[in-house]
Amino acid sequence: MTMRKYTLKELEAWNERIEKIVKDENLDCYPQEFEICCYEDMICYEAYVGMPSHYAHWSYGKAYERKKTLYKYNVEGLPYEMVINSNPCIGYLMRDNTLLLQILTMAHVYGHNDFFKNNRLFCDGTRADYTNERFKNHADRIRSYIQDPSIGYERVERILDAAHALKFQTSRVIGIKKISEEEKKKRMLKKYYDEIKHTSILEEKKDIPFPDLEKIPLEPIEDLMGFMIEYGKLEEWERDILSIVKEETAYFIPQIETKIMNEGWASYWHYKILNQLKLPQNLHIEFLNRHNQVIRPFLGNVNPYYVGFKIFEKIEEKYGREKIFEVRKMERDQSFIRRYLTEELCREMNLFQYHSRAKEVEIEEISDEEGYKAIRNTLASNTGMGSIPCIKVVEASPKDRSLLLVHEFDGRELELAYAYETLRYAATLWGGKVELRTIVDNTKKRILCDENKNIFLKNE
Amino acid sequence: MAIFREFDSRGRDRSAEDRRRHRELVEDSIKKNIGNIIAEESIIGQSKNKKIKVPIKGIKEYQFIYGKNKKGTGSGTGNEKRGDKIGKDIMKEGQEKAGNSEGEDIYETEITLEELIQYLFEDLNLPFMKRKKFSEIESEKNFKRLGYQRKGIPPRLAKKRSVVERIKRKKAYERGQNQNIDNNEEEKRFPFKEDDLRYYRVRQDVRRESNAVIVCIMDTSGSMTLTKKYLARSFYFLLYQFVKLKYVHVEIVFVAHTTVGKEVSEDEFFHKGESGGTYISSGYEKALEIIEKRYNPEVWNVYAFHCSDGDNWTEDNKNAVASAKKLCEICNLFGYGEIVPGYYTRMSTIKAQFNLNVKYPNFSIVTMSRKEDIVPALRRLLDKEKGLEE
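First to last, the sequence lines map onto chains A and B. 324 is the number that the numbering used here gives to position 324 of the first sequence; each next residue is one higher, with no gaps. 56 is the number that the numbering used here gives to position 56 of the second sequence; each next residue is one higher, with no gaps.
Worth flagging that the hints you see were computed from the coordinates, not collected in a lab. One thing to keep in mind: the hints can contain errors.
[To be verified] FRET-style restraints, in silico, Cβ to Cβ:
(1) 175/B / 284/A: 48 to 54 Å
(2) 175/B / 143/A: 51 to 57 Å
(3) 96/A / 251/B: 19 to 25 Å
(4) 213/A / 77/B: 58 to 64 Å
(5) 16/B / 141/A: 17 to 23 Å
(6) 17/B / 98/A: 56 to 62 Å
(7) 96/A / 17/B: 23 to 29 Å
(8) 23/B / 141/A: 24 to 30 Å
(9) 10/B / 98/A: 25 to 31 Å
(10) 417/A / 268/B: 55 to 61 Å
(11) 77/B / 453/A: 47 to 53 Å
(12) 25/A / 16/B: 41 to 47 Å
Every value quoted in this text rests on a predicted model; they were computed, and no experiment measured them. Note that beta-carbon positions come from the ideal geometry of N, C-alpha and C, so glycine has one too.
Can you make the complete structure from the sequences, with help from the hints?
Structure below.
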């Protein structure tokens, strides 16, 4: 065992002082638990998305190997902190960290803890009280299917592979009530009758077709996972696996949607707290070094710790302490950036916008009076779920078992090789042929995947 | 007040099963592409222990993602100007998150040629090859280690294992003492005990070695172009690797023929072109002669293989069939590989003759026209040997 640079008693003593500051500053946290583990356990937790229990799949083995290799070759330092959105909130501390790193991590974790408990997306989209039970329940269900002699490992893996491929094709908006099909039908009819009424009086009678109320889905939807659960050619246990994966994605979407804010908030607070701790000089110097390391800008990229930290600092400077609490409650990355990434901040961070092509990267905009808006908008639309293409289910025909998907094109093209393979997974779940419409090189394209999983690319 | 606790895995290696499955998928992916990998020119002629880099496709986690042609934002130095072109490599920092960026999942794995060959032949699931009765040319005495035991003589002390045993005992002791992490006491001496010591268990091992010879016969007449020779070469190379797996000592003989057969060096065999006509029988006769002189079939396992484009002169066909029969009688396995330039070439006369007249269970005819055909051809040839066993 390596020499430990601190004792548990020391950690507890520092934690007590941190908790006091947390309280005085009006952070509102779940009860906190810290688990101290070695780096291998840390990698393992990281591979299984931080969860104490999680169902098995080879992709987590791959993640583990990858992280371990990177760590071995020192390509990537281990994260100082990992924390999960649960009540009580669990934070992991790596045993080999120095005392200062543990103090810094603990303070940082309280920032996340407060964010989990108070940000609107987490309140509406997740149930922290049940996080662990839910993941354990998922693991148990998957295990029971694997152990079921009539199902078995391979068939479970086949469905999990496909579910993982499509997992982000799900409802993106949190906290909006799903409209029932009946309600949708009513609205369609109302819209139709309204339209006829208006046109018949003032203008020539327009030819408005009666809405097709038998259409599946009634109108295009982005929740492909939900659609597969309802309409895919699947057995009951297969639907259940899909709903497990869908639930897990729903749990993580708030984190994906608030990466910059969440890290910015936690960094803002570890900085505030450690400055109040009256650290001995040697620790204080280490703190400043580590802090600068965490929030350093990434050349040519966006470091969420950095950008988030800077924006929160600036909001406080401009609008006062109250405001940052309100912002952490109400916003998500996209709105956070659109509202609060000012020209001044863009300049300070030297943000630029580039266009990446096959061979080269060209700088398109820089942070000046005209440029910053473009930069802000691009960053906002690339962040969170905006970094994942939106594919909508437009029409399913049960008769010839065909499914039409349309990529909501916003200027960004799909990676075709990936689209082909993903389409094959969609065909697996759908149990028939699938077509995807998209745009490549300014040309409308149809990608077809037939029943035998053959792929054809055609012009529309 | 927050709770602190030490993580205790209770000896469970949580990701072990998922890692195993992932590795299995990687191996499957290698196996699937092995035909292409192994026929790569760069591999042919490498020594078996040299590590070669094999690009592995797959084990990607596919999702709908955006392609490379897109806009992005990043931090700069402040000196950037519109229209500046920058290198891709400086954009790498912090690009890690899976799921929403195109992961460069094509990675290369290092693997030895021997491992590749193992993979290749694993599927064939060949029984141990039939060996000649009198093939025990040499035998060798050896001490083989077979695990550990608690008693033994000092020279056989297994030091590493003994240390492990001591650590195990120490850990158990500490657990018994319920030591926890704030115990900062200086480490006490914890000496070895008799109980910790382990010794190697050994067994005398007698190895019987058997020898094999591969006779490569090739048509080097004018019609055998470089591409055809390359195919033949790849084929021989793999055959050689395979036979080497099975026998301790493998010799290889090269016989080139046009209208006369002669024994040549490896280099001449593959690189020297000749012009003139083709008497296949001349090559076979030469092979028979060499086998008779140097590789008594009573002692040697003989593998002969002939590559040709089938362009034999008609007057030789009868002789060729006769000597092919002779080869079948003395060889473990005799194969004829016809290298044809395209798919729709009609069967050559000689191949038809062989098909009709050489009816030996250890004779095999394969056809190759592209490098992708090599591995299947080899499989077919070796399946023959498998058939002989049953």
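Okay, the hints, checked on the actual structure:
A hinted range of 48 to 54 Å is violated for the C-beta pair residue 175/B and residue 284/A, which are about 39 Å apart. In this structure, residue 175/B and residue 143/A break the distance hint of 51 to 57 Å, their C-beta atoms being roughly 30 Å apart. Between residue 96/A and residue 251/B the beta carbons are some 56 Å apart, a value that contradicts the proposed interval 19 to 25 Å. Here the CB-CB span from residue 213/A to residue 77/B is close to 59 Å, well matched to the stated 58 to 64 Å.
Taking 17 to 23 Å as the suggested C-beta distance range, the pair residue 16/B and residue 141/A conforms, at roughly 21 Å. A C-beta distance of roughly 34 Å is found between residue 17/B and residue 98/A, which places it outside the suggested range of 56 to 62 Å. A beta carbon spacing of about 27 Å between residue 96/A and residue 17/B agrees with the range 23 to 29 Å that was offered as a hint. The hinted window of 24 to 30 Å between residue 23/B and residue 141/A holds, with their beta carbons roughly 26 Å apart.
Roughly 28 Å separates the CB atoms of residue 10/B and residue 98/A, a value that falls within the hinted 25 to 31 Å. The hinted window of 55 to 61 Å between residue 417/A and residue 268/B is violated, with their beta carbons roughly 45 Å apart. In this structure the hint that residue 77/B and residue 453/A lie 47 to 53 Å apart at CB holds, the actual value being about 48 Å. Take residue 25/A and residue 16/B: their Cβ atoms lie about 43 Å apart, and the range 41 to 47 Å holds.
The earlier numbered hints that this structure contradicts are 1, 2, 3, 6, 10.
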